[in-house]
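With chain A fixed as given, assemble chain B onto it according to the hints.
There are 2 protein chains.
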Amino acid sequence: METPDAALRTYLGRIADLNAAAATLEWDQETYMPPGGQAARAQQLSTLRAMAHDLLTDHALVELLDTAASADDPLTADLVRVTQRDVEKARQVPTTLVQEMAQGSAEAKEAWRKARETDTFATFAPHLQRLLDLNRQKAEALGYPDEPYDALLDIYEPGMTTATVADVFTSLRAALVPTVEAIADQPTPDDAFLHQPLSEDAQLAFGRTVVEDLGYDFSRGRLDLSTHPFSTAFSIGDVRLTTRVAEDFFPTSFFGTVHEAGHGMYEQGIDEALDRTPLADGTSLGMHESQSRLWENHVGRSRAFWSHYFPVLQQRFPDALGGTARDAFYRAINKVEPSLIRVEADEVTYPLHVMLRFELEHALLNETLAVADLPEAWNAGMEDYLGRRPPTDREGVLQDIHWALGAIGYFPTYALGTLMAAQLFQQIEHDLPDVEAHIANGDFAPLLEWLRTKIHRWGRRRTAQELLEDATGAGLHAAPFLHYIHAKYGALYDDLPAPEAAPAA
Amino acid sequence: METPDAALRTYLGRIADLNAAAATLEWDQETYMPPGGQAARAQQLSTLRAMAHDLLTDHALVELLDTAASADDPLTADLVRVTQRDVEKARQVPTTLVQEMAQGSAEAKEAWRKARETDTFATFAPHLQRLLDLNRQKAEALGYPDEPYDALLDIYEPGMTTATVADVFTSLRAALVPTVEAIADQPTPDDAFLHQPLSEDAQLAFGRTVVEDLGYDFSRGRLDLSTHPFSTAFSIGDVRLTTRVAEDFFPTSFFGTVHEAGHGMYEQGIDEALDRTPLADGTSLGMHESQSRLWENHVGRSRAFWSHYFPVLQQRFPDALGGTARDAFYRAINKVEPSLIRVEADEVTYPLHVMLRFELEHALLNETLAVADLPEAWNAGMEDYLGRRPPTDREGVLQDIHWALGAIGYFPTYALGTLMAAQLFQQIEHDLPDVEAHIANGDFAPLLEWLRTKIHRWGRRRTAQELLEDATGAGLHAAPFLHYIHAKYGALYDDLPAPEAAPAA
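Protein chains in written order, with my numbering: chain A, 1 to 505; chain B, 1 to 505.
Isolated chain A (complex conformation) (with noise of 0.2 Å):
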């Protein structure tokens, strides 16, 4: 006879199969499936999905939990509830509404293809309305504590709120801005050197050897190419990262393999005992997003960093960058330029980007703001916050996906991710004072044992809050990332704005 721990276990690992298989599916979809294979994948992938909802919304499984939660260890009492609630969720939202959605996206998807090819807004506009009301449709069928887009956050960021994304964005937004007009008016680095061209094996290469020094488990993962980077985990043994590469700009690949090599360093360093559960993924968005982050960011822009990797690099590279001198190779790779795509943004202007469509999508969703008046908007926005206005929707409000997938409340995870990032950090100096000497000698293994310790192994256990004030003593906020920016860049430019501030949310 199997315990009521053993029982839920085992429900749970069937429906942890389905999803791996399902992750696996897109893996391969998006690496080295033939285009023949598309429609019948498609199938596949809706197959195991609705087996796996239909595993999670089983009553059955209300039983097995209500039977396990007056387990005793820790771990189980963890495993109900964070289960409960994937089950409540699960269960609250209309089976009809699920399918609505899927549907939907799938159509705003081709829809926004095509109106990114031709430059026409006004045909992707129906399909993003359409997904608004389904939107709206589901945070109602979610319930919320004060509005509906607290409901959507909630999902990506368990637990945090409209109102403290609010807050936290707007000290952000005060001390970025004028940061950002001071740099821009600035003569900007010469990158010249980081656009020639470097042969893809190479390139992958080095990344490779980055990421395996920085603790990233080949023996548990794999870096393959795909056209957008991703990481993916189908076990705690088996987690894996994607890259692209640009043969003329060489920071585009390595940087986006060290990005996804911190996600896929938070999945390895997951407790072996939370494997085949749903405790064993990130505990939110905006945490997942902190790990890719800090080390592309703290660890691989910094000065430390490229004071062990640049001699390689160079090595690696003599032709294309034997002369250079690391001051300037480390001002280039750091260079600050308000520009119009999100993703090709560096680390200041970042979250402007995203603290942009959080206020539109925040808007739209309240009705605030009618689709028919989301470019002006945007544009506006753009110029507000980055004194650039996008001359096509294509470089403006067509740009990312996610809107098109039906996703709102996505956007603000990558700056609080950001965030994050910059406060672990600050608090990571503190507890290893030697951490700079440590990064620049080619040694992370301090840096990422104290994220397993803190981070990692926690899976879904504790929630990212939970985790910050653990660590760092304090919630979120954004005094530490403006900190950090003021220190980094106050050293490569003039006269920056001192950062206000920032209380902790």
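There's no promise every hint is true.
[What the hints assert, rightly or not] Label pairs and their in silico Cβ distance ranges:
#1 B/Thr209 / A/Arg81: 52 to 62 Å
#2 B/Ala370 / A/Ser70: 47 to 57 Å
#3 A/Ala106 / B/Arg81: 32 to 42 Å
#4 A/Arg91 / B/Glu26: 27 to 37 Å
Please keep in mind that the hints were generated in silico from the structure rather than gathered at the bench.
All C-beta atoms, glycine included, are put in the ideal place defined by N, C-alpha and C.
For chain B alone, coordinates are given in the frame of chain A:
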């Protein structure tokens, strides 16, 4: 309201999706999965297979089949008939037996690997004994016309009987053993030039070029590396091949790739109307093998083929093959030499390896041979048929994985495929008198079209016997193969005995 036909299709589509997902996970396991993924992958596969099995044996499907049985279109009638047979077979074998087989073969596989390493058959023997017992139980559960082996053979080669196999093999043996003896007395052709190191990439590229010429469609497939070559289909639009490369023996990857492409073209040629149903598969393992053997041997090892490709090969590998004469090359790739290892055997000796395995597993199942006596029976058989006695069990009875997987009744299909290939090719030469000239011109379209029309498109709608009879006017018989061998190898070796006439089965 769905029609009975559509409801059945929807139900079967979900099973097909689960099986396709499992096949994708298995492909990944053999090609790209990191070692850390092993344990979780085994669980994922077990979950997917169990869910597919549950759906296949659910009473709901029996009812759907009964309702759809009244449909009067021929495709639905075939679908119902073939699926009913699958369902019956699946329902006849008790779940506990399925689980015991899975458990038993997992343990036997492990024991087999160790027994091979240490060359100690005795440690594998109890596992084989257990699997034989389970196979006897399985045969009893399935039922059989004449003897237990019939039930097992029928799984892999529907409609084939032990008596027919024994008959056909008897005439085959009578002709092949003296042929092999006659050849073994003559000097072997020099093939030293085949044993030169050639780069892996260049070998793969040549294989890719050729199989694309043959008609394997890369927009609906791929070629990757794996330890053991295989082909697998996730849908008619996604049929993949793998191969392996021996750096210093080019035939390994080349003929391996052509062989797998033969399998792959079969699956790519199935009528698209059958996709996502149980009909979208090869009709039997023998017929599947006939397609790989036909392309590998009747096409790929023919004079006509190399009159087109040898200049291409020389151009690709001028250092290694620039000085070799085409005729010497043709003789080298058709060298006949009795060897110990089945998978390395030439096309003359190959069927003898298979016949030995058939006789032994047949005797083991019927308990006329004891497991303890198997190694000696193996060695004696090898001496009888091929004049060679394995010095170790590793090169003898422990060389193949099939018995460790619990597969009894599988081996004969390799030789049946060889015979079917010859029988089909004889008919092709009759129906397409210019086929040799087409091959010599690198034009494979008429040949592929013939195979598509007569064999591929049917999927499992007709049995192998029905397809053979429709295509060639006769049931399976050994004469075409023996004539082919006599004609081809009589031109390469002196004084081969004439093939005996073998009656059709």
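Verification of the hints:
1. B/Thr209 / A/Arg81: 52 to 62 Å: Roughly 58 Å apart at Cβ, these two residues keep to the hinted range, so it holds.
2. B/Ala370 / A/Ser70: 47 to 57 Å: Holds: the Cβ-Cβ distance is about 55 Å, inside 47 to 57 Å.
3. A/Ala106 / B/Arg81: 32 to 42 Å: 36 Å, holds
4. A/Arg91 / B/Glu26: 27 to 37 Å: About 34 Å separates the Cβ atoms of arginine 91 of chain A and glutamate 26 of chain B, which means 27 to 37 Å holds.
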